[in-house]
Amino acid sequence: MKKPFDGKILVVDDDPYILMSLDFLFRKKGYDVLVARNGTEALEFLHKEPIALVLLDIMMPDVDGYEIAGIIKSSDLQKDCRIVFISAKTSEADIQKGYDAGASLYICKPFSTRDLMKQIEELVKS
Amino acid sequence: MNNALVIIAVVTYALMLIGIGFWALRAEGKRRGWRGWAKYKYGLSLAVFCSAWTYFGSIGVASTNSLSFLPVYIGPMIFMPLIILVLGKAIRIARLENISNLADFISSRYGKSVGLGLWVTLFFIIGIIPYIAIQIKAIGFCVELMLPGEGNALFFKRNSELFAGVFLALFIIIFSTRRVTDSGQNKALIQVIAIETIVKLLAFITIGVFVLFFVFSGPANLFHRVNEAFPELLTTPYFTRETPFNWFVLNIISGLSIVLLPRQFQVGVVENENPQHLRTALWVFPLYLFLINLFVFPIALGGTLLFKDTPVDPDTYILSIPLLQGQPVLAMIAFLGGLSAATAMVMVETVALTTMLTNNVVLPLALRNKKIKQNLTLKAARSVIWGRRLGILTIIAGGYLYDTVVASRFSLVSIGFISFAAVAQLAPALIGGMYWSGATRKAAYASFITGAFVWFYTLILPSFAGVSEPVKQLAENGPFGLALLRPTELFGMSDLDTVAHGAFWSLLLNVLVFIAVSLFTQKSAPEILQSALFVHVEKFSDFHGSETLWQGKIPLKDLQQALRNFLGLQRADTLLQGYASRHNIPLHENEMADPRMVKFGERILSGVIGSASARIMIGYLAREEQVNVDEILNMVKESRQFIELNKQLRKQSVEISKAREALEKTNRKLTEMHDLKDEFLYTVTHELRTPLTSIRALSEILYDNPDLEEEQKQKFLQAISDETERLGHLITRVLNLERYESGRYKLNLNSFDLQDCISEVMRTAETLAAEKGVHISVQHFRSHILVYADKDLLTQVVYNLVANAIKFARSEIVIHSFVNDNEAHVWVQDDGQGVPYDIQQAIFDKFFQVRHASLRKPEGSGLGLAITRKIIQMHQGKIWVESKPGSGATFKFSIPLP
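Protein chains in written order, with the numbering used here: chain A, 1 to 126; chain B, 1 to 898.
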C-alpha cells in the first residue's frame, strides 16, 4: 500500500479506546501515526519533530486542545502543521472557538469513521 | 498742610489697602499667618458698623446734642446676646441654602419669591444711598481740610469726592468681582475691612488721648474749663421725660441694624467662616463700640472750647483740633482713620447692595426673557460679572450724585438713623420668619409695604417741606386737614424726636400688619417647605428637604454645563464629583441627573446668582417640568407633617430597596441554578459522547474490516462491551441523581443492621480489591448498629466509598463503624495519596473530576461522590473527608439513629 504522504500524524485523546480506533484506522491507510494520551505527551512529540497533521481532543486532563493548538501555531518547527479538533464540545460557539484557534477542521464526537477518514484525506491532499 | 505730603499719604494708604487686598486674595484657601486671627477678624469686621457717621458724626452730635450719639451704640451692646443668636441661626440657614445676601434670604424664606427680593432690594437702595453719600461727603471735607487750597492741590480739593468715588469703585471692582464665587464671600475685602477697623480705632483713641491729656491736662482740667466758659452746658440735665422712650426706640432700630444693614448682613452672615467665631464677636464687638466712644465726649467738649469763637463744623473737630494745635502728623492719623471708616463702610455696603441688585433685581428680570435665559444659563457667565461691575458703579455714582446734587438741597435730620429705620422695616418679615413658621409671603409683602410707606411718610416726606408748598401744608396740617395724620405727629404723638417717631410708628404698624396678615392667610406650597427649613434649620443640617421638588428631569450634562459656566470647569467638576462621591450617586453623563444632584446644583447656583434666579435657571434646564409640587405639598400643610412624611418615604424606600435586593438575590440564585443545570447537562452529554464515540468507531472498524485478526477483533469487541457498560452505568447514575435531587425518589425505610450493609459490600469488593492487591479489613466497635434507613441506598453509599478507596489505596483499606452521640458512624480509611485541603469540599460536587480535569481518572463517572452525598443528605446525615495529603484519606459519614 502506498503511503499517501510523508508527514506524520499525531493523534491526541485521553480516551484509550478512541485513541485505539484512530491509531488502527490511520495505520491501516499507511500513515505514519503517533499517539498521545494527554497534552504532555503530545507536546513531547511536537518538540521533537515536524508533524504534518494533529488530531486533537479538546478536553484533556493536563493541557487542553486550545493550548496545544496555540503552541503549534507559535512554533517554528510546526509551521506547516494542520490542526483537526475532535471534540465532544459541539456547540456553535465551541466550534467557532476551535476554528479561531487555528483549526483546519472541527469534528464532533461521536463521529463516523468513514466521514472522518474522507475529510482527513481531502485535507491532506489539498 | 503740605500738599505733597497729604497726597503722598493718601496714595500710600490706598496702595497699602490694595496690597492687603492682593495679599488676602493670594492667601485665600491657604492657612497662613496667625491662626487665631480669623475669629478676631470676624469680630472686628462687624465694626464696619462704625462708619464715618461714627467717626465724625458722633462728635458733632455730642457737641450739639450731648449724649444723643449714644443709643446707636448702646442698642447693639444691649442686644448683643440676642444678635448673636439671630446671626448664628441666620448663618446656619444661609449655609444650608447657600444664601449670599439679605434680599436672597428674605426671598428664600418666602418660597424663593422673586418679587419680595426685588422690592426689598429697591427699597434698601433708596434707604441706603444717602448713607453712602455721607461717607463720600466725609472723605470730601477731610481732604478739603487737609489741603491748604492753592496751586495744583485746588483741583484735587474741588473734586475730592469724585476721586474718592472713582477710587472706591475701582477698588471694589478689583477685589470683589475678579471671579464669580459660589459662596458670595469676598475674603480679600474682609481682610482689608478688619485692618481698616483697627486703623480707625487707633486713630480715634490717639486723637482722644491727645486732646484730653495734651491739649488739656486731663479730664478735671477739661471739665473745669468747660464749666468756666459754658456754665450751663454741663449742669443742664440731658435726660428729660421724653428721653427714655426716644432712646428705647433708637436702641431697638440700632440693634436691628446690626443684622439688617446690608453691610452688616454681609460681614455677619455671608462672610462668616465659622459660627464659632460668634463667641469671640460677643465680646470683641461691644468692647470695640465702648472704646471708640470713650473719647467722643472729651473731643467734642474740647472742640467746643477751642472753637468757641470760630465757626468750625463740630463734625470735623477730630481733624480740626490737631490742625489748630499745629500737629500735622496727628492730623494725618486722624485723617487716615476717617478715610478708613468711610471707605470700609462704602466698600462693604456697595458689595452687599450690588449682590442684591444683580441677583435679586437684574437677573430675575432678565431671566424673564426666554432668549436671555437660554444664553445665560449655559454660557456667558462673564456677563454676570460685568453686570456686577456696572452695579457697583451705579451705586457709588448714586451716592456721589446724592451727595453733590440732592444732599445740598435737602436737609435730612440724621441720615444714619433714617437708614436704620429703613432697614428695620425688614425685621418682622426676616427675623419673624426665622422663628415663626406661620409667617406667610403675603404678610411679608403687606408688612414691608406698610412699613416702607410709613417710613417714607414720617421721615422722608417732611424733609421736602422746605422746597414744596403742598408738602409743607401737609406736614403742618396733616392730609385733608386731619391733624391726627400729621407726618411728624401721627395720632397726636408729639413728644418723640422725628426719627424715633417715624421709626416707632413704621415698625409698630409693620409688626401688627405682619402678624395679622400671617394669621389670616395661607402659605403656598413652596413656602411651607422653606419656612420649615428656616424655622427648624437645626433639623435640616444634613436633610435635603427639597429633593422632591425637582424630579431629576435635567440631563446631567446640562447641569454640569450650567455650573461650569458660572464657576469654571475645575471648580464645578470638583464640587459635583465631591457631592456625588459623598452621597454615592453615580455620575453618568448621558443620563438624567439624580434629584439630589439637581438640588445641590441649585444650591451652588444660589450662591452665585441668588436663590430666585437659580430656581429660574434650574427650572429652565428642567424644561419647565417642575413637578406638581403644589399638588404634593398642598396635602402636607405643616412642616412637621412634611418631615414625618419624608421620614416615612425614606423608610418605605429603604424597605423597597431591601425587597429589591432580596429579589435580585433570588434571581441571581435562580440564574446560578439554571447555569448549573446547563453545566450539568453539558457535562453529562460530554460524558455520554465519549463512550459513544468509541463504540461507533470500533463497530464501524469491525464492520469495514471483515478480515481482521481474531485477537484484534476480540480486543475491539471487548472495548465495545466495556464502553457500553460504562455508558449504561453513567445513565443509571445520572437518572438516580436526578431522582434523588428532584425528590421524586421515595426512600424505602426499614430497620436493619448497618453491619449487614458493610458485610455485603465486603463480599463484592474483596475480589476487586484483591485484583489491585489491596487488603480490606473491618473494625467493629459494636456487633449491631440498628438504623432506620433505605438499605439499598445505604449499601450503595458504603460501596461507593469502598470502591473509591480501592481506586486510590496503595495497600490497605480499613472500614470502621461505631455509634457516637446517637449517630451511626462509618469511616472508610485508605492509604492513598490523600485529598488536597482546598478541594476536600468540592470533590462531592457533580462531575468535580471533569471540571478539574487534572484530577480526572479514567475510571468513574464523576457522579459517585455526588450521589453518595445526596443519599446521606436524604437521611439527614453528614458526609465529609479528612485527609492529610500524602498520607491517605478517610471518608466519613454519619446518620442519626432512630
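There may be inaccurate statements among the hints.
Stated by the list, open to error - Below, a list of computed lysine-lysine pairs in the DSSO-like style, where the Cα atoms sit at most 27 Å apart:
hint	chain 1	residue 1	chain 2	residue 2
1	A	K29	B	K89
2	A	K8	A	K97
3	A	K29	B	K713
4	B	K713	A	K28
5	B	K892	A	K118
6	A	K8	B	K715
7	B	K892	B	K807
8	A	K118	B	K713
9	B	K791	B	K746
Keep in mind the hints are simulated off the structure, nothing from the lab.
Outcome of the hint check:
1. This hinted pair does not check out: K29/A and K89/B have alpha carbons roughly 100 Å apart, beyond 27 Å.
2. Annotation: proposed proximity of K8/A to K97/A holds, straight-line Cα distance about 25 Å (limit 27 Å).
3. Among the hinted pairs, K29/A with K713/B is consistent with the structure: their alpha-carbon atoms are about 18 Å apart, no more than 27 Å.
4. For a cut-off of 27 Å, the pair hint linking K713/B to K28/A stands: about 15 Å separates their Cα positions.
5. Between the alpha carbons of K892/B and K118/A the distance comes to roughly 53 Å, so the proposed pair goes past 27 Å and is violated.
6. At roughly 26 Å between alpha-carbon atoms, K8/A and K715/B fall within 27 Å of each other, so this suggested pair holds.
7. Straight-line distance between C-alpha atoms of K892/B and K807/B comes to about 17 Å, which keeps the hinted pair within the 27 Å bound.
8. Simply put, K118/A and K713/B have alpha-carbon atoms about 23 Å apart, close enough for the 27 Å limit, and the pair holds.
9. Between the alpha carbons of K791/B and K746/B the distance comes to roughly 13 Å, so the proposed pair stays at or under 27 Å and holds.
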